[in-house]
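The task is simple: from the sequences and hints, build the whole structure.
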Amino acid sequence: MASHGPEGRVVIRIATGALCTLLADLALTTAPEDGADPQLASVLLYTDRGYPDPGEPGVSDILVGVSTNRRVAGHVFAGSDGQMTPMLWPVAKVAQVIAVFKPKLKGNKEHGVIITRDTEHVTVQEDPNLFDDGDSITFKLGDIETYPHKLTELIADMPTSRKSRDLSSLLDQPKPRTDFYAVDLALLVKIATGRKSVIETFRLDQDSRILVRIGDYWRGWIRPVPYEQGSTKVGRHAYEPEGDVYHPDLPGTGVDVPDPYAPTEKEPVAATGAAVDPVLPLGADDGGEFFVDPAEVEQAEATS
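Per numbering that gives the first Met the number 0, the sequence shown starts with residue 0, numbered consecutively.
Don't read these hints as lab results, they were simulated from the structure. Warning: the hint list may mix true and false statements.
Ranges between beta-carbon positions, derived for each pair [what the hints assert, rightly or not]:
(1) S135 x E199: 44 to 50 Å
(2) D126 x D24: 18 to 24 Å
(3) R212 x Y180: 18 to 24 Å
(4) D33 x P225: 38 to 44 Å
(5) G193 x A35: 22 to 28 Å
(6) E109 x F201: 46 to 52 Å
(7) G253 x E32: 15 to 21 Å
(8) S135 x A155: 31 to 37 Å
(9) D156 x P56: 22 to 28 Å
(10) Y180 x D215: 22 to 28 Å
(11) L27 x E241: 19 to 25 Å
(12) L27 x S59: 25 to 31 Å
(13) E199 x S59: 40 to 46 Å
No farther apart than 20 Å at their CA atoms in a straight line, the calculated lysine to any residue pairs in the SDA-like style are these [unchecked claim]:
(14) K139 x A91
(15) K139 x R116
(16) K149 x A17
(17) K103 x K139
(18) K105 x A91
(19) K139 x P31
(20) K92 x A17
Beta carbons are placed, not taken as given, at the ideal position from N, Cα and C, and that holds for glycine.
Rendered as structure tokens:
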């Protein structure tokens with residue numbers, strides 16, 4: 000049930016730190032406003048009931064966000080209080096919200112804000128229960144009808160060819176999941192950004208070092224974070240991501256996810272202006288071969 004604030008308007012209460020972290024992550028995977036996909040230069044926000052702390056039982060209100068720049072997509076959620084219909088925040092307004100409210104956390108980690116929805120506009124302001132007078136931002140929402148409606152399905156579902164396989168036959172085989180320390184990946188991203196090149200990786204299994212090529216002149220390797228091989232305790236989570244994905248109830252039919260194979264005239268640029276490397280685009284069905292050696296796929300299908 001929706002929460003109502005002044006004059007009966009629907010509101011969400013959320014910790015400022017949680018909101019800013021959620022928005023900052025989602026802003027990274029939006030398209031630039033002046034790019035080829037301006038309809039993707041927004042963040043889709045909606046509420047649901049779920050598990051904001053996976054280690055704790057029981058469901059509660061959560062604020063969920065989704066964004067994509069066609070090549071990469073993100074889905075993230077945080078605990079909140081209140082329910083609200085889906086809304087589309089332009090990425091420029093997302094940046095303003097972060098710029099105004101993130102400084103409030105200095106010396107006050109318990110700072111909170113409320114989000115008030117009024118038809119086509121939304122207001123983010125300091126929680127009036129905590130602050131008599133405070134900063135606020137009001138802006139017009141984007142048109143959800145022009146945004147892809149199937150993003151969460153593509154994030155939640157593995158390709159059908161892999162989903163239909165008998166995973167038990169692959170317990171002792173190299174697994175498609177690979178874990179990295181963020182600090183190690185950041186080094187490769189910085190090198191590739193400077194060289195304006197993709198990051199090419201060559202993998203044997205989840206424990207062996209992975210050879211890397213960036214551009215014509217850089218060769219190296221990165222060490223993955225190992226996890227148990229041949230163990231039933233790893234199970235399905237070695238083949239598909241663990242964690243909840245919450246699907247929005249959006250009005251209308253929306254638009255299709257942009258063609259992931261549409262040609263681009265220049266190197267893609269993130270909404271922040273930093274160059275990023277093209278990767279397998281959202282919605283591209285890799286048929287299992289992008290993550291698993293074809294010989295392994297044939298062996299799995301023959302025994303399933």
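Taking the hints in turn, this is what the structure says about them:
Taken as a hint, the range 44 to 50 Å holds for the pair S135 and E199, whose Cβ atoms sit roughly 47 Å apart. Roughly 22 Å separates the CB atoms of D126 and D24, a value that falls within the hinted 18 to 24 Å. Between R212 and Y180 the C-beta distance comes to about 20 Å, which sits within the given range of 18 to 24 Å. The hinted window of 38 to 44 Å between D33 and P225 holds, with their beta carbons roughly 43 Å apart.
Look at G193 against A35: about 24 Å separates their beta carbons, and that is inside 22 to 28 Å. The supplied range of 46 to 52 Å is met by E109 and F201, whose beta-carbon atoms lie about 48 Å from each other. At roughly 20 Å, the beta carbons of G253 and E32 sit within the given window of 15 to 21 Å. Restraint check, S135 to A155: a C-beta distance of roughly 35 Å satisfies the suggested window 31 to 37 Å.
For the pair D156 and P56, the supplied restraint of 22 to 28 Å holds, since their beta-carbon distance comes to about 26 Å. For Y180 paired with D215, a C-beta distance near 27 Å keeps the hint of 22 to 28 Å intact. Take L27 and E241: their Cβ atoms lie about 22 Å apart, and the range 19 to 25 Å holds. Separated by about 26 Å at the C-beta atoms, L27 and S59 satisfy the suggested range of 25 to 31 Å.
Distance hint check for E199 and S59: the Cβ-Cβ separation is about 43 Å, which falls inside the suggested range of 40 to 46 Å. The suggested pairing of K139 with A91 holds, with an alpha-carbon distance near 11 Å, which does not exceed 20 Å. Using a Cα cut-off of 20 Å, the hinted pair K139 and R116 holds, with the two alpha carbons roughly 10 Å apart. For the hint linking K149 to A17, the alpha-carbon distance of about 25 Å lies beyond 20 Å, and the restraint is violated.
Distance check on the hinted pair: K103 and K139 sit about 23 Å apart at the alpha-carbon level, beyond 20 Å; violated. Pair hint K105 plus A91 does not hold up; C-alpha atoms about 23 Å apart against a cutoff of 20 Å. Restraint check for K139 and P31: satisfied, since their Cα atoms lie roughly 18 Å apart, inside the 20 Å limit. Simply put, K92 and A17 have alpha-carbon atoms about 17 Å apart, close enough for the 20 Å limit, and the pair holds.
Hints 16, 17 and 18 from the earlier list are contradicted by this structure; the remaining hints agree with it.
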